[in-house]
Structure formats: C-alpha cells, structure tokens
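Asks: The residues making up each chain are set out below.
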Amino acid sequence: MKNGKFLIAPLLLWLGIFFAIPLLIVVVVSFAGRTPYGQVIFNWTLENYVRFFEPLYLSIFADTLWVAVLTTVFTIILGYPLAYYIAQLPKKWQQPGLILVMIPFWINFLIRSFAWVIILRSQGVLNTLLIKLGFITAPLQLLYNDTAVMVGMVYSLLPFMVLPIYVSLEQLDRRLLEAAYDLGATPFTAFRKITLPLTLSGISEGTILVFISSLGMFIVPEIMGGAKAALVGNLIQNQFLSARNWPFGSALSIVLAILSLVLITIYYKALAAGKGGGKDA
Amino acid sequence: MPKTWRNHALLAYALAILAFLYLPLMILALYSFNESRINAVWSGFTVNWYASLFNNRRVLEALTNSLVVACISTVVSTVLGTTGAMALNRYKYRFKAAINGLLYLPILIPEIVMGLSLLVLFSQTAIPLGKVSLILAHITFCVSFVVITVNSRLEGMEAELEAAAADLYATPLQTFRYVTLPLAMPGIIAGALIAFTLSIDDFVISFFVAGPNSTTLPLYIYAMVKRGISPEINALSTLMMLTTVLLIILAHLLQGSPKKASPADE
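Order-wise, the sequence lines are chains F and P.
Following the working numbering, the numbering of the first sequence begins with 1 at its first residue and continues without gaps.
Following the working numbering, the numbering of the second sequence begins with 1 at its first residue and continues without gaps.
If a hint is listed, it holds; no wrong ones were tucked in.
Derived pair list, reagent style DSSO-like, types lysine-lysine, alpha-carbon separation capped at 30 Å:
#, chain 1, residue 1, chain 2, residue 2
1, P, K226, P, K131
2, P, K226, F, K132
3, P, K92, F, K269
4, P, K96, F, K5
Far from chain P by the CB rule (all over 12 Å, computed), these chain F residues:
#, residue
5, N43
6, W44
7, L46
8, E54
9, L56
10, L58
11, S59
12, L70
13, V73
14, I136
15, N145
16, T147
17, D173
18, A179
19, A180
20, S204
In case anyone wonders, no lab produced these hints; they're calculated from the structure.
Cβ atoms here follow ideal geometry from the backbone N, Cα and C, with glycine treated the same way.
With the sequences and hints as input, model every part of the structure.
Replies: If you want it as structure tokens, here you go:
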C-alpha cells in the first residue's frame, strides 16, 4: 500500500471541517457586533470581550471558578480514600472495584442529576423520610440552591478523580513503604512522606479533569440549581439559545476554551518537568 | 491491631462512597415501579410507567431518532477512526503536533464550546438543524474516541505478524484482510461500542444542533424534567442506564482481551 499514508486524510478532513473551522468561525463571531434583532454583523470590535469585565459577568465567572475549586476539593477528599482502598485490594478484586466506579461515570449526566431531584425535591425521598421519622414537620428546601448544585457536581465528577488517583497508587512501589516501616515510620508519616508525594501526579491529573469539567458544566446547575445559580456554561447557553447574542456568547466560550486549554497545558508541562509518573490514565 | 482497625475504617469509607455513587441511581430505578405519580411515598408496585412509555408515540419517535443517529454516527466514525488510527500507527507524519491537536482537542475542549461552534457552522451554511446536523455533530465528537481505542489495540499488536504474512507472499491487501483486520477487530468493536454509547447518551451537543423534529432520548428526558416530575422519566432513565451499563461492560470485555492474548509482553 504505497499510498496508504493518505488513509489519514478523510479523518483529518472531517475534523478540519467540523471541528477546526467551526471553532475559527466562533473566534471570528466573538469579534462581531449584532443588530437589535440578534443578527450578527461583522464589524471587528472588542466590545464582547470588554463586556465580559462587567461586574455581573465577572461575578458569574468568579462563582464558576469557586464552584470548580470546591468540587475539586470535595472529589479529592471523597475520591482519594476510595482509590486507596481499591488499590490495596487483592489484584483480582481491583478490576471489579474499578468497574464499579466507572459505571456511574458512563451514565448520562442528565439522568444522574435527575436522580438527585427525586431525592431532594420537597415531596422527594429525603423529605418524606425525615417527616415520617418525625425529624421535621414541613419539607425542607433542599433543591434549587447552591448546596444542591455542589452535591450534583461532586456526584457527577467523582469518578474523574478516582481513576487517575487509582492509576498512580497502583504504580506506587510498595517496597518504599516497607522500607519506611522498617526504618520505624508510623503509618501516617509513611503516607505523608511517600504515598502522598508519589501519587501527586494522579491527584493533579484528577484535579485537571474535574476542574475543567466543572468549568464547562451546565446540566447540573440547569437541573438542580435555582434561578440565580447560573454558571458560565448556563450563561453561554443563554446567550446562544434565549438572548440570541451570539457574539457575546462566542467571546465567553472562547474565554472558557482558552482557560481550559491553558490549564491542560500547564498540567502537562508540570508533568513533563517532574519525573513523569502516571503517564497514561 | 491498629492495622486491622484502619482497614475496617477504610472499608467503611469506601462502602459509604460507593453507596453515595449508587444509592441515587437505585432510588431512581426503584421509583420507576412506584404507583404514586407525585409522592415519594411507596404506594404499590406497578409496571404501568413502562407500559405507558411504550405507548407514548413521542418517546418511540425519540427512541427511533436516537437509534438512527447513533447507528449512522457509529458506522461512519468507526470507519473514519479506524482508517485514521491504522495510518497513524503505520506511517510517520510531519506536523505530528498539528495532527495530534486536531485529534485530541475535540476531547479536551468543553463540550458546550463544541456544541455551539457546530451550531454556528450549521447556521452559516445551508445545513438545517435536524437529523443530518445531529449525525454530523455526533460523528465529530465520537471519532477521536474511536481513534484512541483502536490505536491502543494496534500498539499492543506485534508487527512481526504482518512481516511474516508478507514473507509468505501475502499481498498487502491479503495481509490487511487476514492478519491486521482480525487482530485489530476487538479494538474496532470496542471503539464502535464507545461511539454508540457516547452518541446515545449525548445531551449537551445535541441540545445545540437538534431541530424540532429530531428530538433524541436525552433531549426528551430534559424536556420532561423541565415540565415536571413523573415516574415515566424514572422508567425511561432506568432503561437508558441499563443499556449504557450493558454496552460499557461489553466494550470493556472486548478491550480487556488483548492482554490475555499476549501475556509475553510487559
């Protein structure tokens, strides 16, 4: 197959037409203006990016970052021990354990958010249970607030954290721990001085995955959040589908995409600069 | 002694987290069998919600749309992805960084950005929002996953087998047909299953590029949730969860097999 090299052409052509070009159009639209009726007019302007700095939008962006940070912290707290537990299981139980973590990860975000609606809404499972048990007399407002959004985010993104941490723990050289114990280290010291530093690559990989996914998230706040629980994802969706301000929506999504890609690049640079453990998850 | 105490604590913690992951899904499934339409109080077992699902024309329409879109996107993205992965695996390319960027960016970039950029593309061209735009979009987000899956299988393969076939005077086409393709097949099938699952499950991108007559199952669920809670949503969600789980286990089994086939490496 002398001309086999060109077999890659259809794939590259496809991604060029349906991925690269649309992205470039969005970049162009982000510098465009619009008529009062929502028509895009191309008159090179920075106004959409300037508008981003209005307090309203900056605060939505700050909220999004804050939610992403909290989600990341909670998924580490919940995910690390679980990954640790799976990694120290006998070999034949590790695979089933991992699959158990993976399955919810493949189930639709929409369905997983809806599952929490069933539990948290005013006539939901939790309120009904609490009333039956006599803890409360009237249903609590558990849904459509910031806490509900946090629960939904942590719930949806937890598997993203567990998997990379598991991979780094699995690659950990157990002899180092034995050596530490031989030298009289307490379990806590051994964990702090050996396990934790050597699994930092897994934690940071999980952090990147969770952080970036929560930056662009809009299903969870859409289903579980109240009217004011908008994150950048909801704002972008709104600009495109309701407000019909495509140029501003484009500018916001370019900011979001660049932020995500910068974070990924920093992560891979840091990984390459370090010893490069946990190279593939 | 403290060691076993620690192990018990860790086990309890792990079980608690697994419960956190699974309880909501189990409750969701459980309540699809509850007679009461509005309350969380258990008022009796019924399969009525499933029955009404199968009598609902709009659900069946959404199911048909989902299946048509998923089948076509799977076939096209599997063919595109497999040929691409094979070429990438065999030949050296210049501009490798640009090629990798084009391949991996669709996975790395936030879904919402990809969805709206396709919406902008379709609105600028003459492609109306409907099944065609959905299929084009689904192929685009599936194809990179197929490339990665097939590629990981190809990398585990031994090049000697192809060389041996060539030594035995197999034409390149015969080598491909009788050696490369059968060896790569589990990877290709796993890639196709992943593409199918991604397509059936997709909400965010479909949300942007679907038209009024091309509602898929996730879009239908979203519309139902927005309208109000009903056990029919539970029933539909439960069926979708089951399908996803089955497909993923199948893909996993297929992908897991190359390691058993070649215990020599590692």
